[in-house]
Structures are given as C-alpha cells and as structure tokens.
Amino acid sequence: MEQLIKIIEESLYELEPGSITGESNVVQLKEWDSLALLTLTDAVDLEFGVLLKKDEIEASGTVLKLHQLILSKQK
Amino acid sequence: MPSSMFEDIAVTASITVVPSKIRNLDEDIDLFDGNKRQLDRLKKTIGFDQRRIADASITALDLCYQAASHLLEQSDIKAKNIDGILFVTQTADHSQPSNASLMHRKLECHSECAAFDIGLGCSGFVYGLWLAHSLIHSGSCETILLLSGDTLSRMVHPKDKTTAPLFGDAGSATIIQKKASSGPSWFRLGSDGTGSDALIVPAGGARYPSSDVTKKETEDEEGAIRTLEDLHMDGSSVFNFSIDVVPREIEALLNFAQVEKNTIDFYVLHQANRYIVQNIGKRLQLDLAKLPVRSFEAFGNVSSASIPAAMSYDLSKILVDSERRQILLSGFGVGLSWGSCILPIESMVCLKWFEYDEAMA
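Same order as they appear, the protein sequences are chains A and B. If you count the first sequence from 1, position 3 lands on 3 in my numbering, and the numbers rise without skipping. If you count the second sequence from 1, position 110 lands on 110 in my numbering, and the numbers rise without skipping.
Since the hints were made in silico from the structure, they are not lab data. Just so you know, these numbers come straight off a predicted model, no measurement behind them. Where hints are given, some of them may not hold.
Claimed, not checked - Straight line, CA to CA, 20 Å or less: simulated EDC-like cross-link-like pairs of lysine to aspartate or glutamate:
#: 1; chain 1: B; residue 1: K159; chain 2: B; residue 2: D26
#: 2; chain 1: A; residue 1: K54; chain 2: B; residue 2: D197
#: 3; chain 1: B; residue 1: K43; chain 2: A; residue 2: D33
#: 4; chain 1: A; residue 1: K54; chain 2: B; residue 2: E221
#: 5; chain 1: A; residue 1: K53; chain 2: B; residue 2: D83
#: 6; chain 1: B; residue 1: K43; chain 2: A; residue 2: E14
As the list claims (entries may be wrong) - Counterexamples of contact, computed for chain A against chain B with all Cβ distances above 12 Å:
#: 7; residue: P17
#: 8; residue: L52
#: 9; residue: K54
#: 10; residue: K65
#: 11; residue: L69
#: 12; residue: S72
Beta carbons are placed, not taken as given, at the ideal position from N, Cα and C, and that holds for glycine.
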C-alpha cells in the first residue's frame, strides 16, 4: 500500500508529499490529468506487473480500492 | 501471426521530406488554458516541442513525390526500372484513384509496374517493407518504391489538445531491391481489431458520410473539442497497447530470428512520442543510445513516415557506410496493428531529410 501511495504521489504533478491516504480519490484531485494517468499506469505496471485500464482507475474510488484491484489482478 | 524470413533482398535507399512550416508547442498554450508549467511538463515528459505542418495546398502525395524524385536523382535507380509502387497513407489525394497510381504518372514509370495504396498509419511502413520483400521474394518484382506519408495535422481538430499538439506531416520514399548476398531479413506482423476504436475518424467515410451532424463540434470531459470527422484518440488505450504489445513483439521477433538483442545496432521505433519510445526501450533493457527519438521532437508524430524520418534525421550519416549493420524497426498504431522487422543495412543511400520546396512542385 505504501508503495502504491509513493507511486501516485510521484505521478501527480506538484502534489504535496504526504497528502495521499488510503481514502483519497486520486481522479478527483486537481492535479489529476491525462499525463498523470499515463505515468501512473506505467509505474503500476512496472512495480506490480498489472496493466490497469483508464476505466478501472477511474472506477476504483479510493487508493485502498485501487490497491485491492491491483492485488486481485496479480493473482 | 505472420512471421517471415527473406534473403537477398535489401533496403537500398531512403529519404524523408517535411513541410517547411513549423508550429511550436508554445503557440498552443491556449489549449492548456495558458498554463505554461503544464506545457513545460509535457515538453519534458513526452518530448513535445514542435511539429511540421503542410500548407493546405500540399498533400502527402506532394511530399512523397519530392522525396522520390530526389531519391532517384541521388541513386542509380531509374524510374523505368521500378516494377512496384506501394503507397502507405491515410490521407490520399482522392478516394479514387490511388496515390500510387498518381505517383506512377508523376514519375513516368513503365506500364509493367504494380501500383497500389496501403491504408495503414503508424505500423504502415513496416507492413510496406514486408509486402515489398514478399513481392520480390515471389519473383513478381525486383525494384519497389515504397512511399509512406500523411498529413495528419489536417485530420485533427485544432482545439483537440489530446491530438493537435502531437501530429505533424511528412512524406518519405524508400527503395527495396533484389540484392545478392545482402543477408537475411525477418518480419513479424499482427493486428487486434478489438482496439479499432482507440484511433478512429468516426465519420466522413462510407459508413457515416459527411453531414451537418458530423461537422458539429463537441467538447469531451477533458475539454478537448472535435467533430466526428476528426481523429479521435483514446490515449490511455493506445499507451497501454504500446507498452504491452510492442516490447513483447520485439522480443518474439528477436527470438524468431535467433538474434541477440545487443547485436542490433539501432532500434528505430515509430516515433509516437519520446516517452513511449524510451519506455519500450527501458522495458526491453536496451541501450537508449540505440533508440533514435530526436525526429519526434523536430517533426512531431508523422504517422507512417516516422520510421524513415527517424532514419533520415538521426542515422543518415551512419547507414551510408560500407559496414554491415542490423537495424530493428517497429511500427504500431491504428487498427490496432503492429509490425517489426530486422534488416541488414550496408552502403545504403540514406539521405538527410529536407524541407519541401514549393518552387520544385
């Protein structure tokens, strides 16, 4: 989970470190844009070996649910 | 999956022509609500900088004709010896006749010459090379002129920030010939029609002819404005496709050819953008110095001409010498479709790109 939060913080431009928690909804942050989507997709694939679709990220709601989705896809 | 090996066939000459008009990303700042920092971020991450835009009077046929004329002048190939013309484009002058037929007339080629178009985008150059090799291998042809060019800047809506800053215009000409002792070439091609909506011009063709409805502008949730007659790109799907399929396909090609990764001198990938090219390179653990990317920064994504443009921009001084090299080319895009090949290159007439000269038209 900490690793995913770190990846999200690195993908979102000018985001204050420590501002993401498990309850954050990434796609509703003002820093979220198409470039953030691209870099997050890439980083998640490299770190977790899971290639997420745009719809999946947008529908996940919270970081916690996104993490659960990644883990379920790893199995 | 079509995998092919050919011998005694070589790519002997190539050149790319771009329009002289340059549009800088800074001129598109209104697309990004005047946000200079976002613009700088795009430049740094994606490699956006500038692109070449053809004037309304210049078509892909014009760009490719100037490329072909110059190439024939600078090599020992005569137009009358060309027995195949393949024209890869999605922006042909007319729906009928083909650009290849028009090129045949302009170059005054012999009547014993097959001439036809290939309707592909960013994978099209490799498909064209594969077809040229196949025709020569079958004995049907000995010298093929492959043109690949597009004016995609005209297919995007100027207020669509997801496509407008990306695409430029260019035309290229390449010669493929029967050549003894030139060494083996390997190809792999593929398609996934389930992704056909990821890059699409929805209307203006036979299915949805142009009408007042298809010309109406709409704005999507990201603020991008376009009509149904403009190119629509699902950037996320295209990105996922690129980083998922392309590295796997390149690995499969190397395996098919039994060629070691480090023996390839250059990996010339479709110049979708710098981020994608370098990302594929990192996933394949390649030496990034072997992956040209500068032509994207200079010309933009020039679709089917991007691979020859990268050769013409970055490798023209290298591929001309007599040392035998192996280069790997990989194109991927609309369809979805992809194609990769390993080619032996030796003493190639690989000419530096030049700007379209209206005075010569």
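Tested hints:
Under the criterion of a C-alpha separation no larger than 20 Å, the hint pairing K159 (chain B) with D26 (chain B) is consistent with the structure, at around 14 Å. Note on K54 (chain A) and D197 (chain B): the hinted pairing holds, with a Cα-Cα distance of about 15 Å set against a maximum of 20 Å. The suggested pairing of K43 (chain B) with D33 (chain A) holds, with an alpha-carbon distance near 15 Å, which does not exceed 20 Å. A C-alpha spacing of about 14 Å is found between K54 (chain A) and E221 (chain B), which places the hinted pair at or below 20 Å, so the restraint holds.
Straight-line distance between C-alpha atoms of K53 (chain A) and D83 (chain B) comes to about 46 Å, which puts the hinted pair past the 20 Å bound. For the proposed pair K43 (chain B) and E14 (chain A), the alpha carbon gap of about 16 Å is at most 20 Å, so the pair holds. Every CB of chain B is more than 12 Å from the CB of P17 (chain A) (nearest about 18 Å), matching its label as outside the interface. The beta carbon of L52 (chain A) sits about 8 Å from the closest Cβ of chain B, which is not more than 12 Å, so the claim that it is off the interface is violated.
The Cβ of K54 (chain A) sits about 4 Å from the closest Cβ of chain B, inside the 12 Å cut-off, so the non-interface label is violated. With a minimum CB-CB distance of about 19 Å to chain B, K65 (chain A) clears the 12 Å threshold, and the non-interface call stands. The beta carbon of L69 (chain A) is kept farther than 12 Å from every beta carbon of chain B, the shortest such distance being approximately 15 Å. Against chain B, the non-interface label of S72 (chain A) holds: every CB pair exceeds 12 Å, the least being about 18 Å.
Hints 5, 8 and 9 from the earlier list are contradicted by this structure; the remaining hints agree with it.
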